[in-house]
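**Student:** Sequence:
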Amino acid sequence: MKEGRYAYQDKIGEGGMATVYRGMQLSLNRPVAIKVLSATLSDNPSVIKRFKRESLIIARLNHPNIIHVIDRGTTSKGRPVFVMEFVEGINLADAITERKFDFNQKVDIAIQMCKGIAYAHKFDVIHRDIKPANVIIDREGFARLLDFGIASFFEADKDMNPDETRLIMGTEAYMAPEQHKGIAFTSTLSDVYSLGVVMYELFTSTLPLPNAPPMAQIDANITPALENLIHQCLAVDPAERPQSVEQVRTQLLLAMKGQHIAEEQVNRAGEGLASIQQKFGLLDVMQEDKFGAVYLYEDKSSHKLLVIKKRTSTFTGYREAKMLHSLKHPNLVNILGTSKNDSVFIVVMEYVSGGSLQDRLIEPMGMQMFLNTAVQICRGLAFAHQNRVCHGNLRPSNVLLTSDFQVKLTDFGLDEHYRVKERDGNWYGDADDRKDELSDIFSLGAIFYHALTGVPPAFKDGNLVKTQIFIKLPVDIQQIVGRMLSRRREQRPQSVESVLSELLPLQEEEKTKVIESPREDAPEIVQKETVIKYQRVNWLTILLAVVMVVSIVLNVLLLGDSGSDVRDAIKSFLDLYI
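Residues in the sequence shown are numbered from 113 upward in steps of one, following this note's numbering.
Hints listed in this document are in silico derivations from the structure and should not be mistaken for laboratory results. In this text, all values refer to a predicted model and were calculated from it rather than measured experimentally. Built from N, CA and C at the ideal position, the CB exists for glycine as well. Be aware that a few hints might be false.
[Stated by the list, open to error] Think about it this way: if two alpha-carbon atoms lie no more than 25 Å apart in a straight line, the pair counts; the simulated BS3-like pairs of lysine-lysine are:
1) Lys-402 x Lys-227
2) Lys-434 x Lys-391
3) Lys-391 x Lys-440
[As the list claims (entries may be wrong)] Quick list of simulated restraints, FRET-style, between CB atoms:
4) Tyr-120 x Pro-322: 39 to 47 Å
5) Val-199 x Asp-411: 31 to 39 Å
6) Arg-546 x Lys-293: 56 to 64 Å
7) Lys-293 x Ser-451: 36 to 44 Å
8) Pro-568 x Ser-613: 35 to 43 Å
9) Val-199 x Arg-601: 46 to 54 Å
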């Protein structure tokens, strides 16, 4: 990172992992927070190597509940540095101590935390140090998580020596039991445990302790469903915890029945939906803007989750939604119903829990994942085209994913409303603005390009600008995507089935390649500060162990059965120290 771009001001925080300074980005004259990793950790070659490899992913994490990293690099002395947006607010640890929030606000904070953590987990970014001090509540009530992914620089990998794989990182009061074995044993489920501790403390103002009274005795607002969820997160065995933070969020929403939603939002959700309110219960407001809103509801009879999308002042997309109501395909979001009046129309559809493809595009996709995703998109889009339904606004945010990576296309026919200014470009749209099959193929090519390279396509003089990543792709893939992105419509594949026919052989070929197996990773009053330490192997201990083993052999030979007590003592020594 170039010196002189940021001015360091006062120190605002310090822990075992890093020191944080208030600073100023000189070029934009805006306040920033500058986190400098500790000198001790910076001396570790594995830490520096991983920092260089993974810091770009962390800098690209973009979610309203995660403090955004706007720059990263190293100091003149080689110490890793993150520059983050500076957020005015109160950290959750202080807020809990000062009892700043009522029960419904606490529910809202817990749900927001789940959203941010679940988003990062999609990229295999594990926090490892979730605690109230790492959550900032800003002036608008938004929960913002700090230090996401920074702990990943200390994750064990195949290049680490045995000492380094025993690195322990976290804050003892919030660490999952498996974290005490070393970071090689941690996973996203470790974050689930830490989240459970934070939620327990958030709702009770105390840490979970043995023989603690029921949570409802501390706060009568705590329902049995909420208490049960928190205790599930705190299970010692990771297999007994909720298996994802997204699952925690869903269970939390079901337990709270929309208690966290502001009254004015509830009123807006009910406008024009009187019949809906009788059958469905509002759980969450997923999105609200001047074009309408997206709500998460629960069917009161079946208890299934569903999404209701409300559109105001326009009816674009209503025709397509009505047609798709009678068409079913595994790669299309299931439309359960539609309705409209003079000022609004709604679409009721299945809930897809895995987010969108847009969430996954902070780095280039691997070829196998790309082909699996691309084939599913093509199958869904080809089915729609066969039934005379064009999308007209295909983009990564309209490609939804289930928790097991099944593709579900959505928002057919809806007009684009993402641009702030009309002159802003549409990376995924055909230049002539036609809404037909060939324009969908162009948009599909743009999505493919973005997925493969990590950036949207760019054009110069009507020709695709090919990045270094793109030209290193297999020639067959380059040719397919290049034709799809041709500005001359007649040069594009003339149907999605044609694209699919070229991708399927490549998918089969990719399946036959040998893929490296992933590495198997294997309550009293406690400290609330981040702990980072190595469990180092003591070579003197090993030498003593060798001596003990020799002693066992001699005991067996000389003492026979009478040496059993000696052998038991030696075995206990080995179990304790090795």
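**Student:** None of the hints should be skipped; say for each whether it holds.
**Tutor:** To see whether the hints hold, each was checked on the structure:
1. Lys-402 x Lys-227: Distance ~23 Å between Lys-402 and Lys-227 Cα, so the pair holds.
2. Lys-434 x Lys-391: Answer holds: Lys-434 to Lys-391 is near 21 Å, not above 25 Å.
3. Lys-391 x Lys-440: holds, 24 Å
4. Tyr-120 x Pro-322: 39 to 47 Å: holds, 45 Å
5. Val-199 x Asp-411: 31 to 39 Å: holds, 38 Å
6. Arg-546 x Lys-293: 56 to 64 Å: holds, 59 Å
7. Lys-293 x Ser-451: 36 to 44 Å: Given a distance of about 55 Å, which is not inside 36 to 44 Å, the answer is violated.
8. Pro-568 x Ser-613: 35 to 43 Å: violated, 26 Å
9. Val-199 x Arg-601: 46 to 54 Å: holds, 47 Å
In this structure, the earlier hints numbered 7 and 8 are contradicted, and the remaining ones agree with it.
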